[in-house]
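Colleague: Whenever a hint applies, use it, and build me the whole structure from the sequences.
Protein chains in written order, with our numbering: chain Z, 1 to 379; chain G, 380 to 784.
If you are wondering where the hints come from, they were derived from the structure by calculation, not from laboratory data.
Incorrect hints may appear among the rest.
Chain Z stretches covered by chain G per the calculated footprint, using a threshold of three residues with CB under 8 Å from any CB of chain G [as the list claims (entries may be wrong)]:
#1 8-20
#2 160-168
#3 339-353
Label-pair distances were calculated between CB atoms; the ranges are [said to hold, decoys possible]:
#4 G/Gly-756 / Z/Ala-210: 40 to 48 Å
#5 Z/Ala-250 / G/Arg-391: 52 to 60 Å
#6 Z/Arg-187 / G/Ala-436: 33 to 41 Å
#7 G/Ile-656 / Z/Glu-360: 49 to 57 Å
Every beta carbon over 12 Å from chain G, so not counted as near; a handful from chain Z, in silico [unchecked claim]:
#8 Leu-34
#9 Asp-43
#10 Ala-50
#11 Ile-62
#12 Trp-79
#13 Val-81
#14 Ala-89
#15 Val-96
#16 Pro-100
#17 His-322
#18 Ser-362
#19 Ala-367
Fair warning: this is a prediction, and the values are worked out from it, not measured in the lab.
Glycine included, each C-beta is placed from N, C-alpha and C at the ideal position.
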Amino acid sequence: MTDGISLQRADPLGTLSGRALTLTAAAAIVLFSLVFMVAAREDITDWPAAIVGLVCAAVTAILLVIMSSPKRGPVSRGWAVWVLFFGIAGHLASVVSYWPAAPRVNDWGPYVVAVLLLALVPYRPIRDILAFTAVLSVWVVGITIAQESVQGGAVAGLAAVMAVTPVLALPLAGAAFVMEILRSVRRWRINVLTAAEDEAQRREAEITRAVQETRVGILNRDVVPFYSELISRNKLEATDAHRAAELAGAIREVMLADTQRSWLDELIAADDDRQGGAIRTGVRDPNGLARLMNLNQRTALRALINTLREKPGGGLVGVTLHTVGDGCEAILAAVVDGHRYRIASRLRPYLAVMGAVFSEFSYEIRADRLTVRFCYDRP
Amino acid sequence: MSLGLPAHLASRIVNSAIALGAHVVATVVLGAAAVAFTLLWLQHPDVRSLPVAGAIALLALMLWWLRRDGSPGIAAGYLVIGAIATWLAASVASTYPPPLHPAALYVVTALQVALVMVGGPGDRVRSTIGFAVAGLAVGTVAAVAGRLAAGEAPSVDFLPLLSAVLVIVVYSTTALSRRDARTVQPSITQAAKDEKLAEMRSVVEARAAALLHDTVLGSLAAITTDREGELSDTLRRRIEADLDAIVDQDWTERTGQGGTHHSDGPIVDVIEEASEIGLEINLTGELGQLHRMRDDVAEALALALRQLLVNVQQHSGTDGAEVVLFGEASSVSVMVIDSGEGFDSQAVAPDRFGLRHSVQGRIEAVGGTVRVWSTPGKGTSVLLTVPSLGRRDSDDESLPMERTS
Numbered sequence: 001m002t003d004g005i006s007l008q009r010a011d012p013l014g015t016l017s018g019r020a021l022t023l024t025a026a027a028a029i030v031l032f033s034l035v036f037m038v039a040a041r042e043d044i045t046d047w048p049a050a051i052v053g054l055v056c057a058a059v060t061a062i063l064l065v066i067m068s069s070p071k072r073g074p075v076s077r078g079w080a081v082w083v084l085f086f087g088i089a090g091h092l093a094s095v096v097s098y099w100p101a102a103p104r105v106n107d108w109g110p111y112v113v114a115v116l117l118l119a120l121v122p123y124r125p126i127r128d129i130l131a132f133t134a135v136l137s138v139w140v141v142g143i144t145i146a147q148e149s150v151q152g153g154a155v156a157g158l159a160a161v162m163a164v165t166p167v168l169a170l171p172l173a174g175a176a177f178v179m180e181i182l183r184s185v186r187r188w189r190i191n192v193l194t195a196a197e198d199e200a201q202r203r204e205a206e207i208t209r210a211v212q213e214t215r216v217g218i219l220n221r222d223v224v225p226f227y228s229e230l231i232s233r234n235k236l237e238a239t240d241a242h243r244a245a246e247l248a249g250a251i252r253e254v255m256l257a258d259t260q261r262s263w264l265d266e267l268i269a270a271d272d273d274r275q276g277g278a279i280r281t282g283v284r285d286p287n288g289l290a291r292l293m294n295l296n297q298r299t300a301l302r303a304l305i306n307t308l309r310e311k312p313g314g315g316l317v318g319v320t321l322h323t324v325g326d327g328c329e330a331i332l333a334a335v336v337d338g339h340r341y342r343i344a345s346r347l348r349p350y351l352a353v354m355g356a357v358f359s360e361f362s363y364e365i366r367a368d369r370l371t372v373r374f375c376y377d378r379p
Numbered sequence: 380m381s382l383g384l385p386a387h388l389a390s391r392i393v394n395s396a397i398a399l400g401a402h403v404v405a406t407v408v409l410g411a412a413a414v415a416f417t418l419l420w421l422q423h424p425d426v427r428s429l430p431v432a433g434a435i436a437l438l439a440l441m442l443w444w445l446r447r448d449g450s451p452g453i454a455a456g457y458l459v460i461g462a463i464a465t466w467l468a469a470s471v472a473s474t475y476p477p478p479l480h481p482a483a484l485y486v487v488t489a490l491q492v493a494l495v496m497v498g499g500p501g502d503r504v505r506s507t508i509g510f511a512v513a514g515l516a517v518g519t520v521a522a523v524a525g526r527l528a529a530g531e532a533p534s535v536d537f538l539p540l541l542s543a544v545l546v547i548v549v550y551s552t553t554a555l556s557r558r559d560a561r562t563v564q565p566s567i568t569q570a571a572k573d574e575k576l577a578e579m580r581s582v583v584e585a586r587a588a589a590l591l592h593d594t595v596l597g598s599l600a601a602i603t604t605d606r607e608g609e610l611s612d613t614l615r616r617r618i619e620a621d622l623d624a625i626v627d628q629d630w631t632e633r634t635g636q637g638g639t640h641h642s643d644g645p646i647v648d649v650i651e652e653a654s655e656i657g658l659e660i661n662l663t664g665e666l667g668q669l670h671r672m673r674d675d676v677a678e679a680l681a682l683a684l685r686q687l688l689v690n691v692q693q694h695s696g697t698d699g700a701e702v703v704l705f706g707e708a709s710s711v712s713v714m715v716i717d718s719g720e721g722f723d724s725q726a727v728a729p730d731r732f733g734l735r736h737s738v739q740g741r742i743e744a745v746g747g748t749v750r751v752w753s754t755p756g757k758g759t760s761v762l763l764t765v766p767s768l769g770r771r772d773s774d775d776e777s778l779p780m781e782r783t784s
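Modeller: Structure representation (structure tokens):
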């Protein structure tokens, strides 16, 4: 199934790459409505309605720019509905501004609606785009038939066909594009994860030996001499029980520390004893919430932390995790060097991926500090 | 999902997907042209216009072929057929009465847009943009020639031009921007690989912790409770086995218990071992289930069962337990029931690892689940469920420990 997930969530970097198209669409919407209105200015019968139409087109363009900002997480259905609402309002106002003129091939309303639907394609699942397309097609056909009914067209129904064609063509083309990309992303993802799984399997023996060496190192130091002594003297003395309890306690302590250390501790353990000014480095996760992230979330966070720590000696990073209601909230703080714009530009792809896999995602770069806040569900 | 397309694949795949989108637009506008022609025909049936319908149908057929093949030759053929269709439509437009002229010209416009949406063969942006521009040029020339042939002055049509601008903007913007964000995809991919390795390390560590618990911690506990004096044979064997496990054994050999298993597998071995140390085991249920597991799963189940029986012997205050085997289509389950002292799972100290590592860790590592029901004073029941042969392991199926009161 490819219709349940948006391209923004499936391929956040691709969607970020394609944001220029969203911005172009926003500019085109304003330009279309302005140029077409000026070109047909002699036919305008209601100038206030024409201005309202133009303002609505501008508002919908601004909403497109805001909703697609990399600073925001995935676009919600509510945002998409607001964008389309202003598009429809602009269309209606433009029809009113020419009323009672018959529908013409250069009415800008249907084109703006079509471009809006196309612009939304990467940000919402295909089923939403198809539903929006169906609703707006009915809207455009209805408005056009209403216009035709006043003036009467030479060929009944043709104006509606002409108006609805772009409203159908562009979003359907967008949906086909997204389905093709989603199929490829899925294939690629399966290939990568299978290869990673195979590599992990291949390295199982190596990892096992490394773990064995660590464990045996501890046991060789304390347990083996104790056992060897017991075997050689072949008897238990009064102090042996105490010694055995001590050793068991020490081993349990090491095992407990291992149990409580998560993948996140392993990743940024090196920062534990360093201070980064206002940032508390290391991981504060008293409830072991880092383990509850899924593979996508761990991957995105690991990639961001790796990038933040890329500079010599590793950048200073701190992560705090706590529960909020039924879910988990994390706050990542890091010391970053350089100009704010350059930092944002360098980190934007990683932050886009974070935004795609976590909920309630936001970030802020102020002075030399990056703060990222994100949430995730408890399984 | 965190793993998007890498830059080296994105170029080809995105271009191909844009071409698909262009073909969808062409399909819709050809459909619109067909509907417009039908509406015109219903209004003004004229046999001179019938070749236009045939040309639209032929162009639709070429589009289908182009979608299947996509070679430059088919694309060129599509443009030629489209040019003929456009010329025909433009030349017959003048045969309609003046009020129907705009509608007839719409058919011409739709055909011109369909030509722009040729999609372009190959993966190169230049060639795809080149084909779109060629489609615009061919369509415009055909429309102008058709109008001139019919003795009419050609008019400016902005829709094909707008369509060409759309195609050029989409292709060129995508080509320019794809170098940007996708360049970090390799580091995301590497992070995913590191995560898989970290998962593997975590499984290995859980296995090692379980092994440590079964061997060294168990023996140390036995030393603390054994009486002073000469080492008992059992304790001596146990210490020697531990030394062998610590110093000599290669932990990469998964079946660390060594020796030959009972014909019914390691689970029956474990039950026999437990009987030897004085525990009275009542084994019931479907013994045939013992053969419905992979070797590593049976091994993990047996080791977990052994730890449960050790727990019964050491902590339950009873010397008997019932072990019930049963199975479902995709799983095999073992239930261990004792009527001993029971325990409060919430009150178990965090450094008591028997149930967590030796039982839960092992079972979850092979894709199984553990459920515990225990009430102080009323005994304990533990249900171990593991995947049977032929079932695919699920991603994440851990079940929480439960406690009844």
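Colleague: Any Cβ of chain G at or closer than 12 Å to Z/Pro-100, or is the non-interface label fine?
Modeller: 18 Å, holds
Colleague: Looking at Z/Ile-62 again, its CB stays over 12 Å from all of chain G?
Modeller: 20 Å, holds
Colleague: Test the statement that Z/Asp-43 is away from the interface with chain G: the closest C-beta pair must be farther apart than 12 Å.
Modeller: 15 Å, holds
Colleague: Against chain G, does Z/Ala-367 hold up as non-interface, every C-beta pair farther apart than 12 Å?
Modeller: Consistent with the label, Z/Ala-367 stays out of reach of chain G, its closest Cβ about 24 Å off (over 12 Å).
Colleague: Beyond 12 Å from every chain G Cβ: check whether that's true for Z/Trp-79.
Modeller: Non-interface label stands for Z/Trp-79: nearest chain G Cβ at 21 Å, farther than 12 Å.
Colleague: Starting from the hint 33 to 41 Å, judge whether the C-beta atoms of Z/Arg-187 and G/Ala-436 obey it.
Modeller: Given range 33 to 41 Å: holds, Cβ gap about 35 Å.
Colleague: Tell me if chain G covers the region 160-168 of chain Z under the three-residue, 8 Å CB rule, please?
Modeller: Holds: 4 residues of the region 160-168 of chain Z have a Cβ under 8 Å from chain G.
Colleague: Counting residues of the region 339-353 of chain Z whose CB is closer than 8 Å to a CB in chain G, do you get three or more?
Modeller: holds (count 5)
Colleague: Examine each Cβ of chain G, and state whether all of them lie more than 12 Å from the Cβ of Z/Leu-34.
Modeller: 15 Å, holds
Colleague: Establish whether the coverage given for the region 8-20 of chain Z by chain G is satisfied; the threshold is a Cβ-Cβ distance below 8 Å, and no fewer than three residues must meet it.
Modeller: holds (count 11)
Colleague: Would the least Cβ to Cβ distance between Z/His-322 and chain G come out above 12 Å?
Modeller: It holds; Z/His-322 is separated from chain G by about 19 Å at its closest Cβ, greater than 12 Å.
Colleague: Using Cβ atoms and 12 Å as the threshold, tell me whether Z/Val-81 really stays out of contact range of chain G.
Modeller: 24 Å, holds
The structure agrees with every numbered hint stated previously.
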